[in-house]
Amino acid sequence: MPSAPSPTQSARPAGGAITARGLTRVYPRTKASPEVTALVDVDLDVAPGEIYGVIGRSGAGKSTLIRAVNGLEKPTRGTVTVDGVEITALDDAGLRRERRKIGMIFQHFNLVSSRTAHDNVALPLEFAGVDRRTIAARVEPLLELVGLSDKRDRYPVELSGGQKQRVGIARALATDPKVLLCDEATSALDPETTRSILTLLKDVNRGLGVTVLLITHEMDVVKQICDRVGVIEAGRIIEQGPTYDVITRPKTETAKSFLGTLTGRELPPMLAARIRPEREGTRQTLLRLGFTGDTAEEPTIARLSRRFGADVAILQAQVDEIAGKPFGSITVAIDNEHLEDDSIAAFLAEAGVSVERIGHVA
Amino acid sequence: MSPELVRLIWAATLDSLYMVAVSGLIGTLVGLPLGVFLATSERGELFSAPLVNRVLGLVVNATRSTPFIILVVAIIPLTRAIVGTSIGTSAAIVPLTIASAPFIARIVEAAIREVDHGLVEASLAMGASPFQIVTKVLIPEALPGITLGLTLTAVSLLANSAMVGAVGGGGLGDLGIRYGYQRFMPEVMAIVVVVLIVLVQGVQSFGERVARRVNKRIRRD
Chain L
-1 MPSAPSPTQS
9 ARPAGGAITA
19 RGLTRVYPRT
29 KASPEVTALV
39 DVDLDVAPGE
49 IYGVIGRSGA
59 GKSTLIRAVN
69 GLEKPTRGTV
79 TVDGVEITAL
89 DDAGLRRERR
99 KIGMIFQHFN
109 LVSSRTAHDN
119 VALPLEFAGV
129 DRRTIAARVE
139 PLLELVGLSD
149 KRDRYPVELS
159 GGQKQRVGIA
169 RALATDPKVL
179 LCDEATSALD
189 PETTRSILTL
199 LKDVNRGLGV
209 TVLLITHEMD
219 VVKQICDRVG
229 VIEAGRIIEQ
239 GPTYDVITRP
249 KTETAKSFLG
259 TLTGRELPPM
269 LAARIRPERE
279 GTRQTLLRLG
289 FTGDTAEEPT
299 IARLSRRFGA
309 DVAILQAQVD
319 EIAGKPFGSI
329 TVAIDNEHLE
339 DDSIAAFLAE
349 AGVSVERIGH
359 VA
Chain R
749 MSPELVRLIW
759 AATLDSLYMV
769 AVSGLIGTLV
779 GLPLGVFLAT
789 SERGELFSAP
799 LVNRVLGLVV
809 NATRSTPFII
819 LVVAIIPLTR
829 AIVGTSIGTS
839 AAIVPLTIAS
849 APFIARIVEA
859 AIREVDHGLV
869 EASLAMGASP
879 FQIVTKVLIP
889 EALPGITLGL
899 TLTAVSLLAN
909 SAMVGAVGGG
919 GLGDLGIRYG
929 YQRFMPEVMA
939 IVVVVLIVLV
949 QGVQSFGERV
959 ARRVNKRIRR
969 D
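First to last, the protein sequences are chains L and R.
By the numbering used here, the letter at position 237 of the first sequence is numbered 235, and the numbering carries on one by one without gaps.
Each number in the numbering used here corresponds to the 1-based position in the second sequence with 748 added.
Check the hints yourself; a few may be wrong.
Unchecked claim - FRET-style restraints, in silico, Cβ to Cβ:
| no. | chain 1 | residue 1 | chain 2 | residue 2 | range |
| --- | --- | --- | --- | --- | --- |
| 1 | R | D864 | L | Q314 | 39 to 47 Å |
| 2 | L | Q314 | R | R965 | 18 to 26 Å |
| 3 | R | V800 | L | P32 | 54 to 62 Å |
| 4 | R | L900 | L | S147 | 37 to 45 Å |
| 5 | R | A797 | L | T22 | 53 to 61 Å |
| 6 | R | R791 | L | P32 | 16 to 24 Å |
Just so you know, the hints here were simulated from the structure itself, not pulled from any lab data.
Using N, Cα and C, we set each Cβ at its ideal position, and we do this for glycine too.
Taking the hints into account, I'd like the entire structure generated from these sequences.
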């Protein structure tokens, strides 16, 4: 066992770590499509007991990545280790055994339509050869955990999307897994149901200590439950870290533009077209101000306007809650003359506001 | 209608049902696994064996494209080897079975292919073996389609069984030809047709009822 017990592990004994090293997946050329490289040298470290989100556009490689974790996808190169077991080195029988420690839920739920809610949850236990009495004793509490005790004898067709995903979650937890993989688990659900499923996932994570790895293209999912996030683009994880840091202060340009589109911080196209990179011959400067934590509640813009006698035009503004903390983003236009010296920059820095110069407009 | 005629028709009906039941049963025992294999053995599937898949597919197609009456005559040596004789109701079961098994196989294959591939994926993720996926997921999910297919098979077996009179197999078809046609007794022909219609109706509505019963994809409140 390569992983030494860490304090996190002893606090949450049920969760397993997920480690990927140099994960690369190339789909060979077929008659219908050219060679596709879905993953390039991906390194991933998910700590025991955390909720880790991988966010990316469709086609970025998210699905390939999460499916490599339970061996549904065989990587071209690289290794995946889950709870100390190298998944990529297992034979078929070993893989079947290890998969019982890795639960998975899906975008389209994938419930067996000919089985009731109860029997769907029992399915992985039947696969594992567990006897009838043990199955009955295990399934009831799981249905209770996901709030579906009264639907035990219902068939999937009689359940709503949210209820189906709850059955999916109970089923994924039936074999007492150390890791739960969520493949776009809320993408087919409406916003309200999404929130309730995310709350359930968080409860499961905190209550049972199960490590959660999820992939999504929805920023709201990451903001609501992920402890840490990785941004995937063209098969590479271009940035990762604590959710709040990555979303509020992305380091790379790609992550910035990508997260910008997702957080709605992108400017309206009409305005964006007028922005010029050079100051020469322009009247105003556009700044994007980021308000994190406590600063999000301060009247900083009003103070700036009074102190410097500067007119501040607000072009776009938004307040968000990310990983339980508020984050505000305001795009403003200020006349160039006020920015001759560094006094406004100094004022904003002192107020704890991050400043990003976007460009200039006439 | 003379009691003698009633006795004849009753005996012929029993003969027909016997032939259909036995050949349908054996046909299913062969056709079901064959169909499952055809549906799951292409490259990258559960029991990936593309070459075997192709060969079995060819055999199935060849059997299905041989007209039944030719099949009956062509396999007389085989029938004799299995049953000991090539004449009679039991002997007729051999060609009926050989014709029904590939038919059932194709029907099962189509029904299994209709099952959402996501279920196979989910089952694999749960640690299921390919065999478990077949027995616990694929066949139960395909059951409505398989049931309707077996109904179809039973009806076509009934039709085929009328032809085995050619090798001295009994049954309703044989009765109709011998009495109705060769002895100029049109009323026997008419009764045979009526009995066949009733049987087909019965089989069809029974099959549909079972198929509805096992179909959990339709909501019934």
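Do the hints match the structure? See the list:
1. Checked against the hint of 39 to 47 Å, the C-beta distance between R:D864 and L:Q314 comes to roughly 43 Å, which is consistent with it.
2. At about 47 Å, the beta-carbon gap between L:Q314 and R:R965 misses the expected band of 18 to 26 Å.
3. Range check, R:V800 to L:P32: about 31 Å between beta-carbon atoms, so the 54 to 62 Å window is missed.
4. Evaluation of the 37 to 45 Å hint for R:L900 and L:S147 yields a pass: the beta carbon distance comes to about 42 Å.
5. Look at R:A797 against L:T22: about 29 Å separates their beta carbons, and that is not inside 53 to 61 Å.
6. Range check, R:R791 to L:P32: about 19 Å between beta-carbon atoms, so the 16 to 24 Å window is met.
Going through the hint list in order, the structure does not satisfy hints 2, 3 and 5.
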